[in-house]
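Keeping the supplied structure of chain A fixed, place chain B upon it in accordance with the hints.
Number of protein chains: 2
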Amino acid sequence: MSPSQSVADLGEHALIARLHERVPPPPPWVVLGMGDDAAVLAPERGEQLVLTTDSLVEDVHFRRALTPLDAVGYKALAVNLSDLAAMGAASRAALLSLALPGTLLVSEFDAMVDGLLTLAGVSRTPLVGGNITRSPGPLVIDVTVVGSARARRIVTRGGGRAGDELYVTGWLGASAAGLAALQSGAARPELDSDLAACVARYERPEPRLRAGLIAARSRTVTAGIDLSDGLADGVRQIATASRVGAIVEAGDVPVHPGAGAWAARTSSDPLTWALSGGEDYELLFAVPKRRTRSFLAATKHWAGLQVTRVGHLTREPGVWLRRGERLEPLGSGFVHF
Amino acid sequence: MSPSQSVADLGEHALIARLHERVPPPPPWVVLGMGDDAAVLAPERGEQLVLTTDSLVEDVHFRRALTPLDAVGYKALAVNLSDLAAMGAASRAALLSLALPGTLLVSEFDAMVDGLLTLAGVSRTPLVGGNITRSPGPLVIDVTVVGSARARRIVTRGGGRAGDELYVTGWLGASAAGLAALQSGAARPELDSDLAACVARYERPEPRLRAGLIAARSRTVTAGIDLSDGLADGVRQIATASRVGAIVEAGDVPVHPGAGAWAARTSSDPLTWALSGGEDYELLFAVPKRRTRSFLAATKHWAGLQVTRVGHLTREPGVWLRRGERLEPLGSGFVHF
Numbered sequence: 001m002s003p004s005q006s007v008a009d010l011g012e013h014a015l016i017a018r019l020h021e022r023v024p025p026p027p028p029w030v031v032l033g034m035g036d037d038a039a040v041l042a043p044e045r046g047e048q049l050v051l052t053t054d055s056l057v058e059d060v061h062f063r064r065a066l067t068p069l070d071a072v073g074y075k076a077l078a079v080n081l082s083d084l085a086a087m088g089a090a091s092r093a094a095l096l097s098l099a100l101p102g103t104l105l106v107s108e109f110d111a112m113v114d115g116l117l118t119l120a121g122v123s124r125t126p127l128v129g130g131n132i133t134r135s136p137g138p139l140v141i142d143v144t145v146v147g148s149a150r151a152r153r154i155v156t157r158g159g160g161r162a163g164d165e166l167y168v169t170g171w172l173g174a175s176a177a178g179l180a181a182l183q184s185g186a187a188r189p190e191l192d193s194d195l196a197a198c199v200a201r202y203e204r205p206e207p208r209l210r211a212g213l214i215a216a217r218s219r220t221v222t223a224g225i226d227l228s229d230g231l232a233d234g235v236r237q238i239a240t241a242s243r244v245g246a247i248v249e250a251g252d253v254p255v256h257p258g259a260g261a262w263a264a265r266t267s268s269d270p271l272t273w274a275l276s277g278g279e280d281y282e283l284l285f286a287v288p289k290r291r292t293r294s295f296l297a298a299t300k301h302w303a304g305l306q307v308t309r310v311g312h313l314t315r316e317p318g319v320w321l322r323r324g325e326r327l328e329p330l331g332s333g334f335v336h337f
Numbered sequence: 001m002s003p004s005q006s007v008a009d010l011g012e013h014a015l016i017a018r019l020h021e022r023v024p025p026p027p028p029w030v031v032l033g034m035g036d037d038a039a040v041l042a043p044e045r046g047e048q049l050v051l052t053t054d055s056l057v058e059d060v061h062f063r064r065a066l067t068p069l070d071a072v073g074y075k076a077l078a079v080n081l082s083d084l085a086a087m088g089a090a091s092r093a094a095l096l097s098l099a100l101p102g103t104l105l106v107s108e109f110d111a112m113v114d115g116l117l118t119l120a121g122v123s124r125t126p127l128v129g130g131n132i133t134r135s136p137g138p139l140v141i142d143v144t145v146v147g148s149a150r151a152r153r154i155v156t157r158g159g160g161r162a163g164d165e166l167y168v169t170g171w172l173g174a175s176a177a178g179l180a181a182l183q184s185g186a187a188r189p190e191l192d193s194d195l196a197a198c199v200a201r202y203e204r205p206e207p208r209l210r211a212g213l214i215a216a217r218s219r220t221v222t223a224g225i226d227l228s229d230g231l232a233d234g235v236r237q238i239a240t241a242s243r244v245g246a247i248v249e250a251g252d253v254p255v256h257p258g259a260g261a262w263a264a265r266t267s268s269d270p271l272t273w274a275l276s277g278g279e280d281y282e283l284l285f286a287v288p289k290r291r292t293r294s295f296l297a298a299t300k301h302w303a304g305l306q307v308t309r310v311g312h313l314t315r316e317p318g319v320w321l322r323r324g325e326r327l328e329p330l331g332s333g334f335v336h337f
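Chains as they are written, first to last, in my numbering: chain A, 1 to 337; chain B, 1 to 337.
Pulled out of the complex, with its shape left as it was, chain A reads as follows (with noise of 0.2 Å):
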């Protein structure tokens, strides 16, 4: 089997067999990975069991010309897991679902799973089941994760009250200022380092499980959400699950410094991006004041991952950016369709 011919020349039950041979053994809680009906997996004792699921579209998440295929990989894996740090779950396990135009070449579908398979050895989140079909249309990659949690140390969006103050991982705008660079053609090359950074943080979005697992066993934090689109969204989602309102400091807001030099060379605002950009994948939670010293002391395990606190959850409904002394409507984030 020669990379250079396409999926479609290798078949279904090759590509599976190809995609098993590249999964190393499995840790000890799979009791039966891939290659059967089903995967089995042991219960993590006294655990709940935490479920997601995400997908990428070609021409809608990523075009095959900007991003490449092990990147696609990386990312679908990254989305999900995202989504378990964002809840305070640990991963167990991954499924994956492949449409495959049937010109892919095996090279890019093993490039693909390559990618996967690097973020998933990292996570340790098992690939234990697989589904290839052929796509008439676009690539599309669906993963859905499995994670366990102790019953009463799961963050929902959902828990966070009046005067709670909301934190944020990180820097923003990166993902966003990434995709800008590579669509203006500039070469990957000539980017410098806070630049790079952002190509990065747009093609292999780290997922926050450490910072997610720590702050929800710190108990200190109300509710939680990943920011998959954008600080306006993540703030209006809590502030929606939990019947309040929220006010978001503009000037507090931690704009990562390649997203400030591409926004300066391009007349681009960096603080849309890190408001409404999206994909930067970091977790944004609920702080009551009470338990600001325990939390900020439990984010000094994040290994070396920053917080800042960006605005707070008010009484009144109504969601707002105060720039000065102004209030405006803290608008809304990447819709993705």
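Incorrect hints may have been included.
Residues of chain B placed beyond 10 Å of chain A at every Cβ, according to the derived structure [as the list claims (entries may be wrong)]: (1) A38; (2) A39; (3) P43; (4) L49; (5) A89; (6) T103; (7) G129; (8) G130; (9) R134; (10) R157; (11) I247; (12) V255; (13) S268; (14) G304; (15) R309; (16) W320.
Quick list of simulated restraints, FRET-style, between CB atoms [stated by the list, open to error]: (17) A/R293 to B/Q5: 33 to 41 Å; (18) B/R217 to A/K289: 53 to 61 Å; (19) A/T266 to B/A17: 50 to 58 Å; (20) B/Q5 to A/R323: 32 to 40 Å; (21) A/A297 to B/R210: 51 to 59 Å.
It is worth saying that the hints were derived from the structure and are not from the lab. Computed from a predicted model, the values in this text were never measured in an experiment. Virtual Cβ for every residue (Gly too), placed ideally from N, Cα, C.
Coordinates of chain B only, in the frame set by chain A:
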């Protein structure tokens, strides 16, 4: 919102909300259903988790002109539940990931979701997660199901031994005959009841969850698989995974009466449909001879579902079809790629 609107008119958030509204209140084991970053399930004490994923792609697995969308929704869940049935697992929850062409009508979206939820209700498989995105090409409906089973009762493909007899549930070839009838342009109201049953099997296959569970608990089967790709493929998969050979008796294959009738009208071979047509979603089991009596006693609890001995596993490798005195290669199943 008028059902004559397209899904692109509505947008992602409104569609998710619309999906959410159609989902009934979940059973007690669902700690957190749709609407957050992930769903949360309480584990079943002493049971292992069984996981599988499968997708239906427009113009590969179905055509919108031929199959009503409520049947597509139903079938997308059914094919996954059939995998759980093959393992002897009970269903616990489902997740749905949709890639929708923007021109799909909201009424079509509703029909598809309602078709899936009908089977979800009947099979007690709560829908706990959903993800919706746009597709620039075909409609893709991806489902992941979670089941549970007692540790030593799980039935795999690989436990068969030489001498075990092969038993199949129900009648075969119905789905392929139903599809052939639809493709011929035969008007549905004019189909006789046997052929109408074939169309129903093609559109709304019945996952054999009860039969699978009872067979697994009876501890009389050494291997099992669901017939998604025809009897030939199922026998080959069990033989390969069990490192044995197999002989299928052509005269013993239970060909559906409707398949026989339509084959006679169209000069087709109904045995080919049964062996290679696929999509019957019946179960195939390997049963040691000394367990035959107990196995058949257990099948009395299958609520009228019949069981037929169709062949046996052999020490010599190779998978054969016996027609009268002659052995011929069994051929392969339906290939989706």
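Verification of the supplied hints:
no. : hint                         : result
1   : A38                          : 4 Å, violated
2   : A39                          : 5 Å, violated
3   : P43                          : 5 Å, violated
4   : L49                          : 4 Å, violated
5   : A89                          : 7 Å, violated
6   : T103                         : 13 Å, holds
7   : G129                         : 6 Å, violated
8   : G130                         : 8 Å, violated
9   : R134                         : 5 Å, violated
10  : R157                         : 5 Å, violated
11  : I247                         : 22 Å, holds
12  : V255                         : 24 Å, holds
13  : S268                         : 25 Å, holds
14  : G304                         : 24 Å, holds
15  : R309                         : 22 Å, holds
16  : W320                         : 20 Å, holds
17  : A/R293 to B/Q5: 33 to 41 Å   : 51 Å, violated
18  : B/R217 to A/K289: 53 to 61 Å : 55 Å, holds
19  : A/T266 to B/A17: 50 to 58 Å  : 36 Å, violated
20  : B/Q5 to A/R323: 32 to 40 Å   : 36 Å, holds
21  : A/A297 to B/R210: 51 to 59 Å : 53 Å, holds
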